[in-house]
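Peer 1: Turn these sequences into a full structure, and let the hints steer you where they fit.
Heads up: the sequence lines are chains L and S, in that order. Using my numbering, you'd call the opening residue of the first sequence number 149 and step up by one each time. Using my numbering, you'd call the opening residue of the second sequence number 166 and step up by one each time.
Any given hint might turn out to be false.
[As the list claims (entries may be wrong)] Below, in silico cross-link-like pairs of lysine to aspartate or glutamate (EDC-like), each with a Cα-Cα straight-line distance of 16 Å or less: (1) K251/S x E171/L; (2) K407/S x D425/S; (3) K250/S x D224/L; (4) K413/S x D424/S; (5) K250/S x E230/L; (6) K250/L x D224/L; (7) K251/S x E207/L; (8) K250/S x E165/L; (9) K189/L x E171/L; (10) K250/S x D262/S; (11) K251/S x E230/L; (12) K413/S x D425/S; (13) K240/L x E179/L; (14) K257/S x D224/L; (15) K221/S x D262/S; (16) K174/S x D424/S; (17) K227/L x D211/L; (18) K408/S x E426/S; (19) K250/S x E171/L; (20) K189/L x D239/S.
These are computed hints drawn from the structure, not numbers from a lab. Remember, predicted model here, so these are calculated numbers, not experimental data.
Here are the chains, one letter per residue:
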Amino acid sequence: MLAVCAKQPGLDSTVEERFGRAEYFVLFDEEKNMPQSIENKAKFESGGAGGTAVRLLNENGVDVVLVPELGPKAMDAIKAFEITAYRYTEQKSVREIIEDYKNGKLSKIDTSTTASKHGMYKA
Amino acid sequence: MKIAILSGKGGTGKTTVATNLLSVSDSGVLIDTDVEEPNSHLFLKPQIQKTEAIKKRYPIVDESLCDLCGACGDFCRFNAILPAKKSVLVFKELCHDCGGCQMVCPNDAIRYKERSIGMVYSGHTITGHEMHYGELTVGEISGVPIIERLREITMDDDLVLIDCPPGTACSTVAAIDSADFAILVAEPTPFGVSDMKMVVELLRDLGIAMGVVVNKDGLGDKDIYQYCESEDIQILGRIPFKKEYARKYAGGNLISQVDDEYKSIIEGILKQVMSQKEVV
Ligand code: SF4
Ligand code: SF4
Chain L
149 MLAVCAKQPG LDSTVEERFG RAEYFVLFDE EKNMPQSIEN KAKFESGGAG GTAVRLLNEN
209 GVDVVLVPEL GPKAMDAIKA FEITAYRYTE QKSVREIIED YKNGKLSKID TSTTASKHGM
269 YKA
Chain S
166 MKIAILSGKG GTGKTTVATN LLSVSDSGVL IDTDVEEPNS HLFLKPQIQK TEAIKKRYPI
226 VDESLCDLCG ACGDFCRFNA ILPAKKSVLV FKELCHDCGG CQMVCPNDAI RYKERSIGMV
286 YSGHTITGHE MHYGELTVGE ISGVPIIERL REITMDDDLV LIDCPPGTAC STVAAIDSAD
346 FAILVAEPTP FGVSDMKMVV ELLRDLGIAM GVVVNKDGLG DKDIYQYCES EDIQILGRIP
406 FKKEYARKYA GGNLISQVDD EYKSIIEGIL KQVMSQKEVV
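Peer 2: Next comes the structure, spelled out in structure tokens:
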């Protein structure tokens, strides 16, 4: 099962700029060619949203995820759940990003793309 | 009496007021609870007599006992423990040391380990007063355990001045928890007033009596006075904006030690606050 971070449900939604705090995940079963959208419950977490979002993906049988970025904790979690992550860098629709993935245009990532966030208590 | 010195944001002169109040008091003790950026010690220049590491626990999982049942991850409200496919991940910076995961683990696979999240330094200042300040290790999320330790150390002291973290975050709430009175330091600028309002609301929620010290009086506008009047908040004192104060401060001085006029303003503020004692 493939997952993409999205602002809204559905294939025509724009992709998200964040992973752990993405609004939705659009899940796409390549064999059945069927999309399904789930709300990212982890987005409400004050800390550790990344790891919890990965757990949610795992519960839904996801093994490949297309992401804009991944923090260090989320990356650790992705690896521990044996999910493969590919990174997109363009603001397109979910449908277009899935096409890019199928055409081998996205690159696989296995290290975190952002520095550790701290000082979340400051706000 | 425990007196909290607060401000809506950083840089309003909160630490200057706190450290000078200490220096004119007979037997006060100061704690600097702004553990992310402590700086009162730069002016008070204490000789450190004691350092203490503040510890927090985090879980470690014995993989030979763990069957990845997931109970610990379901329980943890802080997303600090994450049972995955072949092992359990622990994000120790997120752990609040609540002890819950160990209690819910059906296989008794969880133990705790300690780590240091910061330090508390204690000593006597150049003015002979006792002070304690905390320092949170860079990258750590919450300084609350350090603040609690600072409060615990000074629990039985008669006059404690609490230099608080700016703003209204949980660290501020932790710092003012046992305060009898709060001094709000603010500047007479429009931003100063709006930052201040949030602190006023917080203090009212917690039922802590307060007064305002206007720093850099003469600069900016009259909004702050109108606000205090309409909200019925007393002005404890006004520190005028003067170049020589800024110069003395920049030289790393306690201004009240080198300027008699400034000293008498600070003494006036302390007297005002102490006279609240009967009220509270
Ligand atoms: S609750 Fe205990 S047995 Fe279950 S996953 Fe956590 S550590 Fe392992
Ligand atoms: S001790 Fe509490 S906060 Fe820490 S991991 Fe266990 S359940 Fe979470």
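Peer 1: Work down the list of hints and note, for each, if the structure agrees.
Peer 2: Results for each hint:
Taking the CA atoms of K251/S and E171/L, the gap is near 28 Å; set against the 16 Å cutoff, the hint is violated. Simply put, K407/S and D425/S have alpha-carbon atoms about 14 Å apart, close enough for the 16 Å limit, and the pair holds. A hinted pair counts as satisfied when its Cα atoms are at most 16 Å apart, and K250/S with D224/L qualifies at roughly 12 Å. The suggested pairing of K413/S with D424/S holds, with an alpha-carbon distance near 9 Å, which does not exceed 16 Å.
In summary, the hint linking K250/S to E230/L is supported, as the alpha carbons are separated by about 7 Å, within the 16 Å threshold. A distance of roughly 25 Å separates the Cα atoms of K250/L and D224/L; the hinted pair therefore is violated under the 16 Å criterion. Distance hint between K251/S and E207/L is fulfilled; the C-alpha atoms sit about 15 Å from each other, no more than 16 Å. Using a Cα cut-off of 16 Å, the hinted pair K250/S and E165/L is violated, with the two alpha carbons roughly 27 Å apart.
Using a Cα cut-off of 16 Å, the hinted pair K189/L and E171/L holds, with the two alpha carbons roughly 8 Å apart. At roughly 24 Å between alpha-carbon atoms, K250/S and D262/S are farther apart than 16 Å, so this suggested pair is violated. For a cut-off of 16 Å, the pair hint linking K251/S to E230/L stands: about 9 Å separates their Cα positions. A C-alpha spacing of about 12 Å is found between K413/S and D425/S, which places the hinted pair at or below 16 Å, so the restraint holds.
A distance of roughly 23 Å separates the Cα atoms of K240/L and E179/L; the hinted pair therefore is violated under the 16 Å criterion. Proposed proximity of K257/S and D224/L is supported: the alpha carbons are some 13 Å apart, at most 16 Å. Our distance criterion of 16 Å between C-alpha atoms is met by K221/S and D262/S, whose separation comes to about 7 Å. In summary, the hint linking K174/S to D424/S is not supported, as the alpha carbons are separated by about 26 Å, beyond the 16 Å threshold.
Proximity of K227/L to D211/L is assessed by CA-CA distance (about 11 Å); at most 16 Å being required, the pair is judged to hold. Using a Cα cut-off of 16 Å, the hinted pair K408/S and E426/S holds, with the two alpha carbons roughly 14 Å apart. The suggested pairing of K250/S with E171/L is violated, with an alpha-carbon distance near 25 Å, which exceeds 16 Å. Taking the CA atoms of K189/L and D239/S, the gap is near 14 Å; set against the 16 Å cutoff, the hint holds.
Consistency note: the structure conflicts with the earlier hints numbered 1, 6, 8, 10, 13, 16 and 19.
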